[in-house]
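Participant: Model the full structure from these sequences, guided by the hints.
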Amino acid sequence: MRMPVVPVSDAADPRVAHYTALTDMDLRKATELAEGVFMGEGEKVIRRALDAGMQILSALMEPKWLPALQPALPTDVPIYLAPPETLRDITGYRVHRGALAVFRRPTPRRPQDVLTDAQTALLLEDLVDHANVGSIFRSAAGLGVAAVLVTARCADPWYRRSVKTSMGAVFAVPWATVPDAVHGVAVARALGMRTIALDPSADTSLRDWRRNAPTVLLLGSEGPGLTEAARAATDELLAIPMHNGVDSLNVAMAATVGCYALTS
Numbered sequence: 001m002r003m004p005v006v007p008v009s010d011a012a013d014p015r016v017a018h019y020t021a022l023t024d025m026d027l028r029k030a031t032e033l034a035e036g037v038f039m040g041e042g043e044k045v046i047r048r049a050l051d052a053g054m055q056i057l058s059a060l061m062e063p064k065w066l067p068a069l070q071p072a073l074p075t076d077v078p079i080y081l082a083p084p085e086t087l088r089d090i091t092g093y094r095v096h097r098g099a100l101a102v103f104r105r106p107t108p109r110r111p112q113d114v115l116t117d118a119q120t121a122l123l124l125e126d127l128v129d130h131a132n133v134g135s136i137f138r139s140a141a142g143l144g145v146a147a148v149l150v151t152a153r154c155a156d157p158w159y160r161r162s163v164k165t166s167m168g169a170v171f172a173v174p175w176a177t178v179p180d181a182v183h184g185v186a187v188a189r190a191l192g193m194r195t196i197a198l199d200p201s202a203d204t205s206l207r208d209w210r211r212n213a214p215t216v217l218l219l220g221s222e223g224p225g226l227t228e229a230a231r232a233a234t235d236e237l238l239a240i241p242m243h244n245g246v247d248s249l250n251v252a253m254a255a256t257v258g259c260y261a262l263t264s
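Numbers 1 to 264, taken from my numbering, label the letters of the sequence shown in order.
Hint data in this document are derived by calculation from the structure and do not stem from the laboratory.
Treat each hint with caution, since some may be false.
As the list claims (entries may be wrong) - Dumping the calculated DSS-like pairs for lysine-lysine here, alpha-carbon to alpha-carbon at most 25 Å:
hint	residue 1	residue 2
1	64	44
2	29	164
3	64	164
4	44	164
Keep in mind it's a predicted model, so treat the numbers as computed, not measured.
Facilitator: Now the structure itself:
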């Protein structure tokens, strides 16, 4: 028997406490990590999370989204309905996609497990922008990259904005966390993988490179790029050819170019 749908008219209703202050990044990161949950936003992301086997705990949405989403949700999941104004008061922002859901974070994978049998992978070192992380996951999934490693200081792929920007691609690509990039390179090397990195100052062009072994592509943080330790640990540095006085690409764009080269 399906649980009854619950109308919510008060932003202070304790039943929707999971959905409060979504724009407070530091608070949300601390809370979601402690509680072992992540937030999915929008019908497409929620459906993709469910299709990937993610455990949903509750959903909060505008009434107009109920007919489309209710049949996809398990019958024992609480569904809360709120008008747009109340939804904004609860979350702290205008929820343009009109629906949110809280999911249980899956058990973290081990780096060696996600890289085993992978022919291609990415290693993200200390990226700070969740939108960039989400975009990179979307490119990785769309272009067929097999796995992703992220450093411990990297923006959280499970954070709401990462998940939303990835359009749910974060559910499609196996990923794991490593303490730092050098550790990630060591894990890859122990499995017989080579490592490459994109660097605007490299002498070798990515255009001339061809993958001839299982390979991990390293991508550095916005602005400073890869740390010296990561550069030194990498087998080969490659440059994306640039023109018209442009010296480099945004890391998400560079990642897309790199993913294409990896999988071609």
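Participant: Taking the numbered hints from earlier one at a time, note which ones the structure violates and give those numbers from smallest to largest.
Facilitator: Violated hints: none; all satisfied.
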